[in-house]
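Between the sequences and the hints, there should be enough to build the whole structure, so can you do that?
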Amino acid sequence: MNLVDPAHRPSRKAPLVWAIGGAIPWLILAAGQVVWFATDSRLLWVHFLAAAVTVLGIVVFVVVVPLWRYRVHRWDIDAKAVYTRTGWLVQERRIAPISRVQTVDTERGPLDQLFGLANVTVTTASSAGAVRIVALDADVADRVVAQLTDIAAIGAEDAT
Amino acid sequence: MTAPAGEAWHRLSPRMLLVHPVHEVLRQIPLLIGSVVLGSATGNPMWTLFGLALIVGYGVARWFTTTYRIDSQEVRLRTGVVQRKVLSVPRNRIRSVSTDARLLHRLLGLTVLRVSTGQQARGDAAFALDAVEAAQVPRLRAILLADSLAPAVHEASAPGRELARWRPSWLRYSPLSFTGLAMILAAVGLVYQAGVGAALQNSRPAKSGLDAAERFGVFASVVVAAVAVIVASVVLSVLRSLVTYGNLELRRDADVLHLEHGLLRVREHTFDMRRLRGGTLRQPLLVRLFGGARLDAVMTGVGGAREASLLLPPCPLATAEAVLSELIARPDAVTGPLRAHGPVATRRRWTRALALPAVLLIAMVARYPLTPVWLWPALAVLTVCCAFLAFDRSRALGHRVDAQWLVARAGSMDRRRDCIAAAGIIGWTVRQTLLQRRAGVATLTAATAAGVKGYRVIDVPADLAWSIAATASPWVADNDWARTT
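Here the protein sequences line up with chains A and B, keeping their order. Reminder that position 47 of the first sequence reads as 47 in this note's numbering, one-by-one numbering, no gaps. Count along the second sequence from 1, add 160, and you get the number used in this note's numbering.
I should point out that these hints are in silico values taken from the structure, not numbers from a laboratory. Misleading hints may appear alongside valid ones.
[To be verified] Listed next, with one range per pair, are the computed distances between beta-carbon atoms: (1) B:Ala342 - A:Ala38: 48 to 54 Å; (2) B:Ala373 - A:Gln33: 48 to 54 Å; (3) B:Ala540 - A:Val59: 40 to 46 Å; (4) A:Pro25 - B:Leu267: 58 to 64 Å; (5) A:Asp40 - B:Pro529: 37 to 43 Å; (6) B:Val389 - A:Val4: 58 to 64 Å; (7) B:Gln243 - A:Gln147: 32 to 38 Å.
We put the CB at the ideal spot given by N, CA and C, even for glycine.
In C-alpha cells, the structure reads:
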C-alpha cells in the first residue's frame, strides 16, 4: 500500500514570497557587514570570509530553498482527508481525517497580504497532527476553508 | 444529578485559618527577615511584630476571600485578597480529579483537591481547592466527576480490584536513578548561592580537610570524595523513592482508575478509563539491567510526561506488563514479539553512534605527536560504549500493528514501548530527512490527542510506512491517493 503525492501545488507566487522572506534577514546581515567594513577595514581576510558566508547564505536561502520547496510542496483534500507534502531537506507527508478536524484557521502575514497569499491551518485534537497548507492564492484558500468546514461539520463531537 | 454541595458559595475548611498563616510566613521569609532586621536596627521590636502581623493577617484574609461553588453547569473558584480572580471550569470538561496532602495538611486532616480539564493549565490557571477536609473528598470527587463519569460513580461504592501494590523490593530500582545526584547538586548550588561557600573556604574544617587531602594524595582524596557522593546519592534516591511511592496502590473500580501513593505527602489520582488510549512501558537502561520498568498512562486530558501520567514507578517488568495487559485487555500488544526494522535501520544506528569516536580518532591521528597517551585507552572505552549503544538501540527498534493497536519500541538509555489504541489515532506523518530518503527509510508519527500527542515509529522501510498507517487507520487506505502496489 502506498499513497501517491497530493495533486495541487501552492500558488505560483510562493517561491517569490519565500525568497523575499528569506532575503530579509540576510540583507540586514549584509548591511551590517558593510557598516563594519566601512568603520573598520583591518583584517581583510575576516571580511572576505564573512562576505563569502553571506553570499552563500543568500544563494541557498533566496534561490535554492524556495525553488526546492516549490518542487516539494503539494496539498490535496478529498471527502475524507486532508493530505500535504512539505519541506525541503526534511520532507514530511501528513494526512488527517476530516471527521476529526477541530478548527480551520486562515492566516496571512504582511508579505502574504502584499502578494495575495494565505496559509490554512487545519487543527485536530493532537498538537502533533495539525496540517498546514502554506502559500495558497487567497481565493483558493477561501475555497479550501469553505470546503473543509462544509465536510467537517465542526463541533459535532468531541473529536479525540 | 442533585448537587449536595448546593448552589451557594462555599468556604474552604476553617482549619485553613491555621495553615494559611504558616504557609504565608514560610513564603514571606525575606519580608520577615527584613522586618526583624528593621526591628533590631531601630531598637523597636514593634516593627518585627508589625511585619509578622501583616503576614499572618494576609494568610487569614486568604481564607475569607476564597470561595468555591459547584452548580449544575460549572465549578467556580474565587480567590485573591487584593486582586480578585474568578476561575470557572465547565463540569463536562473535567477529566480527572487528583488530591494531594502535604505533611501539615495531613496533620490537620486536610486535602488539596485539583481538577484537571486536560488543557495545559499551569501555575495560577490550575483549579485547586486548597484545602478541604479529607472526609469531604469522596463526596466532592463524586460530584465533580458526576457529569463526565456518570455511570462509574454509582458503582464506585463497591471497592474495586487492586491491580498493583507497592512492595519494599521495588526500592532496588531506585539507587540507580540520578535523582539523588540531582538533589545533592541542587543543595550544593543553594548553599553556594547563599554565600556559605566563601565563608567555608577560610574556615578551620575546610583547611584541615585540605591538609588531610594533601597527606593522602590527590588521587586517594578524589576517590574518597567520589565514593562519598555516590553513597549519599544512593541513600537519597532510595529515601526519596520510599517517601514518594511508599504505600502506592493502583485500584480499578469499573471505569475509574485510582492511584494513591506517598508516605508523608499522600497523592491520589483518579483517571477515567474511557479516556485511556494505551500505555507506555519505560525502561531506562539502569532500571532495565535489573529487570525493571515503569508504566505511564496514555490518556486524553492527562499530560503525557512526568508525574501526571505515572501509573507505576520502577517496579518488576512482569508487574508493569501485567498491569498494562489488564488495562488494555490485549496481552499480545504488551509482550508480543515485534517486527524488526531491517538492516538499514540497524546500519543507521551504528553510523550515528560511531560518528563521535570516528571524528575523535581522526583528530587524534591528525595531531598524533601532541596526543597524550592516556587518550587512546579513553577512546577505546568510548568506542566500546558507543558500540554497545548502537547494538542495543538497533535491537530495540521494532513495531507491531493490527486494526486495534499500534506498538512501537525504541531507545537504549531510555527504552520505551508505546502501546497506542488505533481508534485514538487522528493523523499520520511520514517524515524523511535527506539521508533517510537516500537510505529508503522513514519515521512514522501517529498523532493522538492523548499522552505526549505524537508517537514515533523510527526508521521503518519507506514502502512499509503507509501500510502500517493503513493497518491501524482504515481511512488512510480509503481515499483518492491510496494505491495498492
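Quick rundown of the hints versus the structure:
1. B:Ala342 - A:Ala38: 48 to 54 Å: At 51 Å between Cβs, range holds.
2. B:Ala373 - A:Gln33: 48 to 54 Å: At roughly 53 Å between Cβ atoms, A:Gln33 and B:Ala373 fall inside 48 to 54 Å, so the hint holds.
3. B:Ala540 - A:Val59: 40 to 46 Å: 43 Å, holds
4. A:Pro25 - B:Leu267: 58 to 64 Å: Between A:Pro25 and B:Leu267, where Cβ atoms are some 59 Å apart, the hint holds.
5. A:Asp40 - B:Pro529: 37 to 43 Å: 38 Å, holds
6. B:Val389 - A:Val4: 58 to 64 Å: 59 Å, holds
7. B:Gln243 - A:Gln147: 32 to 38 Å: 46 Å, violated
Hint violations for this structure: number 7 only, all remaining hints satisfied.
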